[in-house]
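Enquirer: With the hints as your guide, set chain B onto chain A.
Here is what each chain is made of, one letter per residue.
Number of protein chains: 2
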Amino acid sequence: MGGLPVLKFDPLNIQKFSDEALKVIEFITNYYKNVQKYPVRSQVEPGFLQNVYPKTAPLQPTSLETILQEIQNDIIPGITHWQSPNFFAFFPATISNAAFHGEMLCTALNVVGFNWICSPAATELEMIVMDWLAKLFNLPQSFLFAGEGGGVIQGSTSEGLICVLSAARDKALKQFGEDAITKLVVYASDQTHFVVQKAAKLVGIPSKNFRVIPTSLSNQFAVTPKAVEVAVERDVESGLMPFFLCATVGATPSGSTDPIEGLGLLAQKYGLWFHIDAAYAGSALICPELRHYLIGTEHANSISMNLHKWFLTNLDCSGLWVKNRSDLLDTLSMTAEVMRNDASESKNVVDFMDWQIASGRRFRALKLWLVLRRYGVQNLMIHIRSDIELAKHLEALVKSDQRFEVVVPVKFSLVCFRLKPEKQQGEESLKELNWKLMEAVNSSGRAYMTHAVLGDIFVIRCAIGTSLTEEKHVNGLWELIQEKTQLVLKERLVMGN
Amino acid sequence: MGGLPVLKFDPLNIQKFSDEALKVIEFITNYYKNVQKYPVRSQVEPGFLQNVYPKTAPLQPTSLETILQEIQNDIIPGITHWQSPNFFAFFPATISNAAFHGEMLCTALNVVGFNWICSPAATELEMIVMDWLAKLFNLPQSFLFAGEGGGVIQGSTSEGLICVLSAARDKALKQFGEDAITKLVVYASDQTHFVVQKAAKLVGIPSKNFRVIPTSLSNQFAVTPKAVEVAVERDVESGLMPFFLCATVGATPSGSTDPIEGLGLLAQKYGLWFHIDAAYAGSALICPELRHYLIGTEHANSISMNLHKWFLTNLDCSGLWVKNRSDLLDTLSMTAEVMRNDASESKNVVDFMDWQIASGRRFRALKLWLVLRRYGVQNLMIHIRSDIELAKHLEALVKSDQRFEVVVPVKFSLVCFRLKPEKQQGEESLKELNWKLMEAVNSSGRAYMTHAVLGDIFVIRCAIGTSLTEEKHVNGLWELIQEKTQLVLKERLVMGN
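If you read the protein sequences in the order shown, they are chains A and B. So in my numbering, spot 273 of the first sequence is number 330, and the numbers just go up one at a time. So in my numbering, spot 377 of the second sequence is number 434, and the numbers just go up one at a time.
Bound conformation, chain A alone (with noise of 0.2 Å):
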């Protein structure tokens, strides 16, 4: 073979791996320890980097050490930092050493674990540790491997939906013959993430067969079954089908958890496959204080949590659990020659591409059983409940203040909240203020909060729990809300409101 050219370029360098990564962890671990002093949500302006950056890729190679001046220099300015202990937004993104490590491992073999044979370990420790994590949460027996079920890994909460609604329209259709999908009707309520209705609408479900049920302040934005009852009723009346029930525990605007119990039996009554989505709170489960939130689960026909929430398991790794992993494999199995393999047609193994929506995986269970391993369920039950302590925390400062009001009160780890000076004040005015005071805390850099909208409640969310926050981030957090409401209410006065 004297006519190949000599191979110059040598992609995976074993000889440079340890001193080249080396720089990169200390990188790292200095963006770690300057991360308070950067603005949490980042402070550019649109095109920031697409206007002044190269138009077409470079021909030559850059040195590895210009790369991360650069990164430092021009990405980080472009960064909202999610692991800054000053991160109060959306729901935090936790992540750990564990889970580093497990990434890191995962990265390295690299491995795509389509089906059994393309690495057993892949696939047997992630049915182990969903089995553990099942035996935690104390879901039924029926979503172990024992049982009928079992759990998978997926990148997301909007997959693992695309996976359940598909089984559950599949299921429906070989009742009602496959002209039935544009009767078929989901229900949901108004605090239900929209991937659900994102999911319902991929899966080819007609838009206007999405219901959503409205909650009230009254009944802390939990749905009731009487309510989703009348609906379905009134679908079935008018010859619509009825076939799918999502309930939430741990809601992303209020922090609400439905009546799994109550829904799962009209569920059962109207033959809806009933999902649990417990995107947020699922993970906080593992506290046997709060696992009476999952009574009432042996009627659902599956759960999802996003164990990259809350988990210390950074993005990403979300857990669906099925009661009847047939369901699922009736509609998701499929496969070709090339994968064909005598573990598989032994039916003796699991293959989890017939799990999920693509047929390559990632060794993610590995990070999920690091960091379950290296801090063992009692650590990870100290850093659950220590996150819940600082939101009661929380929530006793707001409440301390006359000037404001907690909207929900508090279950997980998510601070409803609003200023209301005045009593008699229309909801337009309050959120117009609250909207101002927000604005004025997030674009100070010093911390970042969201919103809601809970009915026509405006209220500021402060989630808590980022792997860095600690009780003082939190007290900074209120000083400087009651620094900036004082601007605010000051600024309103001068303006004559």
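Hints in this document: simulated from the structure, not taken from any laboratory. These figures come from a predicted structure and were not determined experimentally. Be aware that one or more of the hints could be misleading.
The list cannot tell twin chains apart, which means a pair is met if one copy fits it or any two copies do.
Quick list of in silico lysine-lysine cross-link-like pairs, DSS-like style, CA-CA up to 27 Å [said to hold, decoys possible]:
1. LYS231 / LYS265
2. LYS547 / LYS477
3. LYS404 / LYS112
4. LYS529 / LYS404
5. LYS73 / LYS94
6. LYS80 / LYS90
7. LYS192 / LYS404
8. LYS480 / LYS456
9. LYS228 / LYS265
10. LYS90 / LYS65
11. LYS529 / LYS65
12. LYS326 / LYS94
13. LYS529 / LYS73
14. LYS529 / LYS240
15. LYS73 / LYS265
16. LYS94 / LYS65
17. LYS231 / LYS404
18. LYS468 / LYS65
19. LYS228 / LYS283
20. LYS80 / LYS192
Expert: Same frame as chain A, but now just chain B:
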């Protein structure tokens, strides 16, 4: 807040971050140094881990050292080593130092970039690199952000397919009405990856409306526009509604490439959404001498390629480009109050959650950018070309042995061949013989190849190009194949076949 317990648990421990990471880096370096010594395809039996591992999560923490030791002892034997230089199965999942750095940084920052404000740098850097790549592949101007299109990083081809299939579906339904969903028809060839069929099923297209157009050896397994047109015409006549055509550049079974220009014109004639799946071979098209495979792409609506296959960016990193981003947005754009922000409302920014299934997303652009910056296009072309050279080298070796046959001429880095010791022999008997040969190679642990059935021809597929594969490994593979060939031929003689 005297009542709060002292926080005893510190999940993101900055003090220990560097020392601990270093231990993992050392582990990984050793793994790469030894990876050639491990059996490429794992030799464990089903249940090897599941049957022996604790059935419940540990309450107590475990040290990093113990865990790394356990990975070495318990996990590594269950790994099929995709990073072994002797891995020739499926398609390689390449990795590089630069991508590893990118993944570490992405993990550490752990930003959830659903919209621009969540980290402007994450969005803008993705726009920049996707435009860079579009230019490198010589995609028409319309696929750039400066045009009406743009590119986005997906987790997999499948996710991208769900996006474009649902966008195409909704476009068609807008025209024909919602009830038409059961009449929509998708066209692909028998070389198309099954994920297209699966994605079509997931978005609600009835399975009976998926047309698999046969290909043949005489046409090197490319589909002909004529054959597609006959199928389309037949469907139109029966009152169905053709709406989606998928072409492949570098198909998984054979490496075949469909005629883009002819299929594109056909799609235009019948108003079909035309998608190009270049999952495997796409990355190679940065080399000017290969770009001719994309001639006609101006007729396409979308094109996808798995950069995590051949572009040195480890799993997951799948590029999707569309000609009209408004098509995607019409179906995928949906948001919640909690995400409302001034930048999004100004419409001056891209919110990538409107380009994908999920709302959350990792900062994957970072690793793609690092690969491009760190190596430069120059080195990336060397990387692609040397893999192709190695494949042609193996093709020559196979051709030089009269007992073998190269079934499809090598275009990229996939060699499809078979053992065919006598001229007149039935396909069934050849299939059995080649399966035996392949299994003899694979079960030796010294290399791993997979197979395909092209028409009725069983071929062994040798996909070249892991990041560590060099000429000596290809030569070693060929020696191994010859050694095992002697064995299976001798065995056959003894068995009297």
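Enquirer: Now tell me if each hint is right for this structure.
Expert: Hints, one by one, checked against the model:
1. LYS231 / LYS265: Classified as both: same-chain Cα gap 22 Å, cross-chain 14 Å, threshold 27 Å.
2. LYS547 / LYS477: Answer is within: at 14 Å inside a copy they meet the 27 Å cutoff, but 89 Å across does not.
3. LYS404 / LYS112: Intra 51 Å, inter 22 Å, cutoff 27 Å: inter-copy only.
4. LYS529 / LYS404: neither (55 Å within a copy, 38 Å between copies)
5. LYS73 / LYS94: between (32 Å within a copy, 21 Å between copies)
6. LYS80 / LYS90: Both: 15 Å inside a chain and 21 Å across chains, each within 27 Å.
7. LYS192 / LYS404: within (25 Å within a copy, 46 Å between copies)
8. LYS480 / LYS456: within (15 Å within a copy, 88 Å between copies)
9. LYS228 / LYS265: both (21 Å within a copy, 16 Å between copies)
10. LYS90 / LYS65: Between copies only: 20 Å across, 39 Å inside.
11. LYS529 / LYS65: between (54 Å within a copy, 15 Å between copies)
12. LYS326 / LYS94: neither (55 Å within a copy, 59 Å between copies)
13. LYS529 / LYS73: Answer is between: at 22 Å across copies they meet the 27 Å cutoff, but 41 Å inside does not.
14. LYS529 / LYS240: neither (54 Å within a copy, 61 Å between copies)
15. LYS73 / LYS265: This pair counts as neither: shortest intra-copy Cα distance 57 Å, inter-copy 53 Å.
16. LYS94 / LYS65: Between. Shortest inter-copy distance 25 Å satisfies the 27 Å Cα cut-off; intra-copy 43 Å does not.
17. LYS231 / LYS404: within (24 Å within a copy, 43 Å between copies)
18. LYS468 / LYS65: between (59 Å within a copy, 22 Å between copies)
19. LYS228 / LYS283: within (25 Å within a copy, 37 Å between copies)
20. LYS80 / LYS192: Neither way: LYS80 and LYS192 sit 41 Å apart in one copy and 32 Å across, limit 27 Å.
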